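4 protein chains.
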Amino acid sequence: MIRIRLGMVGGGRGSFIGGVHRIAARMDGLYDVVAGVFSSDAERNKASAEDIGVEASRAYDSIEAMIEAERARADAIEAVVIATPNHLHFEAAKACLEAGLHVICDKPVTATLEDALELEKIVGRTGRHFFLTHNYTGYPMVRQMRDMIAAGELGELRTFHAEYVQDWLTEPMEQRGAKGAEWRTDPSKSGAGGSIGDIGTHAYNLAGFVLDRRPSHLLADLSSFVSGRRLDDNASILLRYEGGLKGTMWVSQVAVGNENHFTFRIYGSKGGLEWEQEDPNRLWFTQYGEPKQLLTRGGAQATYGNTQSIRIPAGHPEGFLEAFANLYRDAAAVLRSGETDRRLPLPGMKEGVQGLAFVDACVRSSSSNGAWVELIG
Amino acid sequence: MIRIRLGMVGGGRGSFIGGVHRIAARMDGLYDVVAGVFSSDAERNKASAEDIGVEASRAYDSIEAMIEAERARADAIEAVVIATPNHLHFEAAKACLEAGLHVICDKPVTATLEDALELEKIVGRTGRHFFLTHNYTGYPMVRQMRDMIAAGELGELRTFHAEYVQDWLTEPMEQRGAKGAEWRTDPSKSGAGGSIGDIGTHAYNLAGFVLDRRPSHLLADLSSFVSGRRLDDNASILLRYEGGLKGTMWVSQVAVGNENHFTFRIYGSKGGLEWEQEDPNRLWFTQYGEPKQLLTRGGAQATYGNTQSIRIPAGHPEGFLEAFANLYRDAAAVLRSGETDRRLPLPGMKEGVQGLAFVDACVRSSSSNGAWVELIG
Amino acid sequence: MIRIRLGMVGGGRGSFIGGVHRIAARMDGLYDVVAGVFSSDAERNKASAEDIGVEASRAYDSIEAMIEAERARADAIEAVVIATPNHLHFEAAKACLEAGLHVICDKPVTATLEDALELEKIVGRTGRHFFLTHNYTGYPMVRQMRDMIAAGELGELRTFHAEYVQDWLTEPMEQRGAKGAEWRTDPSKSGAGGSIGDIGTHAYNLAGFVLDRRPSHLLADLSSFVSGRRLDDNASILLRYEGGLKGTMWVSQVAVGNENHFTFRIYGSKGGLEWEQEDPNRLWFTQYGEPKQLLTRGGAQATYGNTQSIRIPAGHPEGFLEAFANLYRDAAAVLRSGETDRRLPLPGMKEGVQGLAFVDACVRSSSSNGAWVELIG
Amino acid sequence: MIRIRLGMVGGGRGSFIGGVHRIAARMDGLYDVVAGVFSSDAERNKASAEDIGVEASRAYDSIEAMIEAERARADAIEAVVIATPNHLHFEAAKACLEAGLHVICDKPVTATLEDALELEKIVGRTGRHFFLTHNYTGYPMVRQMRDMIAAGELGELRTFHAEYVQDWLTEPMEQRGAKGAEWRTDPSKSGAGGSIGDIGTHAYNLAGFVLDRRPSHLLADLSSFVSGRRLDDNASILLRYEGGLKGTMWVSQVAVGNENHFTFRIYGSKGGLEWEQEDPNRLWFTQYGEPKQLLTRGGAQATYGNTQSIRIPAGHPEGFLEAFANLYRDAAAVLRSGETDRRLPLPGMKEGVQGLAFVDACVRSSSSNGAWVELIG
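Chains as they are written, first to last, in the numbering used here: chain B, 1 to 377; chain R, 1 to 377; chain A, 1 to 377; chain H, 1 to 377.
Be aware that one or more of the hints could be misleading.
Pairs count within a copy or across copies, as identical chains cannot be separated in the list.
[To be verified] Subject to a maximum C-alpha distance of 30 Å in a straight line, what follows is the list of computed DSSO-like cross-link-like pairs (lysine-lysine): (1) K270 <-> K121; (2) K46 <-> K270; (3) K121 <-> K189; (4) K189 <-> K350; (5) K246 <-> K189; (6) K270 <-> K179; (7) K46 <-> K189; (8) K189 <-> K270.
These are calculated hints, taken from the structure and not from any lab test. All values derive from a computational prediction rather than experimental measurement.
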């Protein structure tokens, strides 16, 4: 396959997620990053291009300049990766889509629900592909959960419990010059959600992916435990679904001792599944009345979503980067063939809107002292 | 020490908890069960006495008969153990207290908050000791959590997450003749709480013990997932405390794959603690910015509450029965000396009232569609 | 059942194992400790009796005195528990057996193989019951391993790996006044084996119990890592069995970070089993080509040996003391009925001899620079 | 940095390890695979080139052809990756080295010790760089173990225990057409070692890397449990070092229930370290008398070797491929700068010889019925 040529917006030196996108793009040899607007700072932009191996002439000052210049080339970029802080996603995506480029965008899709709904229209109108890197859905065992639930192995779904808790904002890092902490706790850059936007949307998206349904109502109790913090750093959320399914979600960035503790546990009338991101190659499955089973990446009783999402045999751990790369690999197939594998759906614009609707509902609920609210959008 | 002579109410053949009380009483050689009303069924009562090694003449038909006959003996019972279904606790405890006997009572203390408040008065009036077997507070590592929090090792408390989930009521066992399931799902015997009364009160009590504080408000979303079940079998509960501490609690008896999964995790401005009942000899402690530490029963950096609550060295697992027996051992010291070790407080009548107030608040909240309510009592 | 009356030899104040025997004896209400020679020190003997609740008149100065005085009583002791350092087992056991008493003896059975062989004859001649408290065989999941292997669930056995490693002798505790360390590292009290006698015999016995076979040859490499230590504190042992089974064993008391890490893993042509003493309620079972299963104490697919060895439901951890008490409970049945449950064999004199033969072979091998030697006895 | 141009020998369609090398080479954007002899089968060679994105004209029929043709190009390959079965390594490496190419070779370096010693001379003579992909030394926590031991944090080293056990050869897969099983159990392709060559050399190399020393003597008991198998599938190995350090190693490919269970545990007079490949982001560290600590990839108290070997923050699991890619990344630095970072030594020719010397000694020992032998080479 001829590699897909990518341009990049954001993600230059100092960005954690920019490097992740590039590794994910490179891992299977399906993409080349050949151009970009890596930073609004000219020096940093240039240096980043050099780091990455992009020709100096293709490190552009602005998205407009990139679009303009690339349009003229035979080897022009075909798609862009957007890896800026949240508030810049909308304009970047809009410009690229309207220029006919496909978009791979980091989450959350935009800073506000309004922007997300507007962007959804633009995606529809332009007909371009739009991928949202809710990377945790790339994990083989997460895909196996989805497959098993779809196959009815849990019976009627009853309740799930999702946790996404970290501790890196236990102290006011944003007041100590940590860039990543600064914009993530700044409403003008992140939007209305703090931890719920940064990591809660991941948990919410993973639940939607695994369960293949979305709640009708939720209730959220948001906290900002660190003095002076402007956005939430901890959230307890209850979710209700049509048909009786209920969920709870706990999101925190102040849970001392948790590096990136993201777990999903789901129970039905016939069985239960339990998964943990820090031990991602394993999945616990219990059929009611039977011993608990340890299912593994590429192991016995692997489903389609599992076997299609691995590179190396069971027992050889794959991790975060491989899961992220699975989205890139699957997106490459879509970009080349135009068709999505229905059994491996990729998060996109719809999931982006849902994520913002989740943040919006959490904020509305919490400002009503933790009342039940309906999800919009 | 001369052994304390116990009478027993309930807990005969077929009772899980009756046997537990007896093992706990025997373990340290501090008690003898010498009399009882083990069952309302005469045959079963007699057979139970024989099983236990109680003389046939001291297997009584009723509490009144036991009180009457024992009063006349030089070697009369000094205290009673109440191990009946919940709705029978009140009358049994009342009669015994008024007869001058100390009481060791299984939880929840009564079936209703009204009864609990009434019983609290009787305890006060009679001046007898009243112990409530919230046995999980007997675990050495639970006591270490309390000690460490009291010593300020977590800094200012922010949020905790408690889970007590099982799966033994995943199917309608109460419709299949399982005695334990029958009364636990029958409001006339259990009171208004199902899972929240049976196991939620344990989680709530443990939180109170470890944190040394009680919430002012809570919100509960109760479910009965099994068709025809009259009480809750799953609950999501949010708790708010004066001073900003918040907690979440998840209680379930339909979480397939969980035998007796009871965990407590608490986070403050300086550190975090994480404990799990199915692995009770271990406690995870993280000081912010430092590696996670594994604290063990009787191991390095054990606190007073830990070292006072063990029988054998680190690495030799103690379990549920030893934790239960710790309450008995500590109660024996109180019964003989009249004084409680302030560093090892035992659950009693006050905690009983708090437990029923918790059930009451959960039910009120849930019937108001999961609204915030104040705790009473 | 009328309680069995026990005398005790050793196990007074300051002894770890004495207390363990008493808790195990009391747990199920089947025994009473009513007499003893708890210490060779008269004061300590008296004080120990008081601690334990034995009448002062039955705290004897010597075994002979105990035998003499008890013989005259209607309520004489029926059996003795021997809980002294190893080198005193032989004389105590001999005297008691010849006086017609049954014996419950701590391991290893004697300090030398010669003594063990001699004692075996005495047991045979007197016809008394002799129980050896290799307590780890009392764990329900260990018994389940034995059952499953006997039922052929692993196919043809190929290899096992046993580890029993601790760290409490990492430093020269015996030179710092620690009693338990002193006699355990003193050849005149322990015999020729240090760690191999103290804990290696447990691992060896457990292997024999689970596999129902004994090796023909072994090779041992013993070390004394701590300067000045007179007995081994670390051992690597290879074992060969008739029919091709091979085993490895690693024993250590200087493995820093291991409290009482005792594991047993066994593999055959069809499956594998893995168990760990510090997490004793679980057993991992894999059928070749299938997902690993988590079997639990009292859980799904429990075998006879599992279900007969529990007191409380799955998920409520039982530990070291309950496993120890299982030997006492099963021994009580034998003492009262005269018959052993063939499905729950108890370690006795034969296992005692085997344990000493193991120590003897390890020492012979190691003194020949780690050569293969045949087991004797 | 300009990417290093690689040719590849072996590793075409159907090869597990070929794909691993390519992912590792691509991950950090430091290499391009531009040529190769991917298979001796012409069709498969061509198809493999197409899969990989190598121009058809650079998919050569033989190593000689590749050397010849590439020599003429301005963009010629600079190094080769050798990923064939073991017995083909020697000729391939020799030819490439003599043609002035650097070599990245899969392990074990050759099929025989003689070949390894001969190749060592060729490396010396040609002055080319030679990297051996003992990839487990690329794990951050393995590097941290090395750093901590070098810094004396364990005190004087006493004993280690290494396990590398799998189960994929439990049944005679080599008789059922599994290619990977065929050559690995065929002495003419693998050399004299079965499991000890395939995975034992990894364990042995990791021990050497972490401990920075090699044993003087070893003793091995090799087994072939599967009927008809010509090489060992299970091995127990004892190791002795100058100065008193001892090690044990257990290697198996028939341990049912183990996917790729590779652990390393090392104990000294002051502390212990424990690491497991299937949970590679964690390392357990105990200082004698202190609680066990959980050290993590990129976490608190990370050493140089840890922090230099990561791409993403703690809590975001990295795995086997990232560890493998660390060797490629470090090798790229050497290839470009000519200098190795002394703190991050890469396995090379010397380690290759040591690995074969290990296999040779194991086989010699085992054929002498498990006698102690000296290591040669």
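Verification of the supplied hints:
no. : hint          : in the structure
1   : K270 <-> K121 : neither (41 Å within a copy, 46 Å between copies)
2   : K46 <-> K270  : neither (57 Å within a copy, 41 Å between copies)
3   : K121 <-> K189 : within (22 Å within a copy, 58 Å between copies)
4   : K189 <-> K350 : within (22 Å within a copy, 50 Å between copies)
5   : K246 <-> K189 : between (32 Å within a copy, 28 Å between copies)
6   : K270 <-> K179 : between (47 Å within a copy, 23 Å between copies)
7   : K46 <-> K189  : within (24 Å within a copy, 51 Å between copies)
8   : K189 <-> K270 : between (44 Å within a copy, 28 Å between copies)
Of the numbered hints given earlier, the model fails hints 1, 2; all others are met.
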